[in-house]
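Quick note, the sequences are listed as chains Y and U, same order. Quick note: the first sequence uses the numbering used here, first residue 1, plus one each step. Quick note: the second sequence uses the numbering used here, first residue 1, plus one each step.
Don't read these hints as lab results, they were simulated from the structure. The C-beta atom is built at its ideal place from N, Cα and C for all residues, glycine as well. Please note that the accuracy of each hint is not assured.
[Claimed, not checked] Partial list, derived from the structure: chain Y residues whose beta carbon lies under 8 angstroms from chain U: (1) 39; (2) 159; (3) 164; (4) 168.
[Claimed, not checked] What the simulated footprint calls covered on chain U by chain Y, stretch by stretch (three residues with Cβ under 8 angstroms from a Cβ of chain Y suffice, anywhere in the stretch; the number is not a length): (5) 19-29; (6) 41-52; (7) 133-140.
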Amino acid sequence: MSLLEFCQWVQSTDLFSAIRGSWYVYPSIMSLHLTGIAIFGGMVLVVDLRLLGVALRNTPVADVVNSLRTLKRAGFVLIALCGILMLGSKAEEYYYNVFVWAKLSLLALVGVHALVFRPSVYNNAAELDRAPQMPTRAKVAAALSLLLWIGIACVGRGIGYVETPIDKIHAELIGKR
Amino acid sequence: MLLAFENPLNESPLTFPILECIHIVGFAFSVGTIGLVKLRLVGLGMRRLSPAQVASAMAPWTLFGLGLMLTSGPLLFSSDPDMYYLNRAFQIKMVLLLLAMVFHYTVHRQVVVRAGPGGTTSAGKAVACLSLALWIGVIFAGIFFAFT
Chain Y
1 MSLLEFCQWV
11 QSTDLFSAIR
21 GSWYVYPSIM
31 SLHLTGIAIF
41 GGMVLVVDLR
51 LLGVALRNTP
61 VADVVNSLRT
71 LKRAGFVLIA
81 LCGILMLGSK
91 AEEYYYNVFV
101 WAKLSLLALV
111 GVHALVFRPS
121 VYNNAAELDR
131 APQMPTRAKV
141 AAALSLLLWI
151 GIACVGRGIG
161 YVETPIDKIH
171 AELIGKR
Chain U
1 MLLAFENPLN
11 ESPLTFPILE
21 CIHIVGFAFS
31 VGTIGLVKLR
41 LVGLGMRRLS
51 PAQVASAMAP
61 WTLFGLGLML
71 TSGPLLFSSD
81 PDMYYLNRAF
91 QIKMVLLLLA
101 MVFHYTVHRQ
111 VVVRAGPGGT
121 TSAGKAVACL
131 SLALWIGVIF
141 AGIFFAFT
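Start from the sequences, fold in the hints, and give me the full structure.
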């Protein structure tokens, strides 16, 4: 099974067909996706701005990071779940969408970012508080994280600008739209 | 009446999407930082700080986000005013946005100021939830007017 066939299959399942078939379900999921982006994005922002030394300077990094960890994860789960529901409902169309691929690539870079910086920065907050100055490594992590997430938000908006390649979409699936 | 005036925004196909990106980033800054204060009021998130401390730390970033949003928003609107003006979801968004901002800077602010270091009363929590609900309403109306 090729990736394209997999996308066609995912899209044709009952769940994803139902999402596609209703006029209000998809926009509702997208609204929840954006709500999650605001809440999760706000928390990413606060942690990164603290690391950069421009917000909450009197609060230890450890307090900021640890108090937001659970909420951040919850927010990420909400965003990812909504994202998967949207992606699956138009999987075939999105297979041809360059912005979807750009967004997935940037998300993969977020994973790399976590692998590189989590041990020495985000899971090492107490150590950062003891340092006389914020280590450059932590500031680089924060700046890259901000850039990545802003990039993801912008690329995400781009997805809606790509027109459906009607000629390439599987005929049977068009009938179900 | 047709005006013999072309909105410069409509001359490049890139202007609108770039403005939209600024709008989304501004939205994440403002609603995100506002959301953190509301979460703190209901007892979630940065509990080591009082709600007032969270609010004052977030305030400049909220304003920065609102500034981005409230400049990019009207510019987006100017690209096709009639279409927006006549769209029911857009009208609802504007009403909710006005309510959300007024409520945030009046009732909600009072709750934050009066909250002790530990948190707030049940009434204060209700205000935080209502305020958050208004902002989520703005988001839903904003998305739905692209689909109606």
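Cross-check of the supplied hints:
1. With its C-beta approaching chain U no nearer than about 5 angstroms, residue 39 of chain Y sits inside the 8 angstroms limit, and its interface hint holds.
2. The restraint placing residue 159 of chain Y at the interface with chain U is violated, with a minimum CB-CB distance near 11 angstroms, outside the 8 angstroms limit.
3. The beta carbon of residue 164 of chain Y comes no nearer than 15 angstroms to any beta carbon in chain U, farther than 8 angstroms, and the hint placing it at the interface is violated.
4. Because the closest C-beta pair between residue 168 of chain Y and chain U is about 23 angstroms apart, greater than 8 angstroms, the hint is violated.
5. Coverage of the stretch 19-29 of chain U by chain Y holds. Counting CB-CB distances below 8 angstroms, 7 residues qualify, and the rule asks for three or more.
6. Given a C-beta distance limit of less than 8 angstroms, the hint that chain Y covers the stretch 41-52 of chain U holds, as 6 residues qualify and 3 suffice.
7. Note: the stretch 133-140 of chain U has 4 residues with beta-carbon separation from chain Y under 8 angstroms; the three-residue rule is met and the coverage holds.
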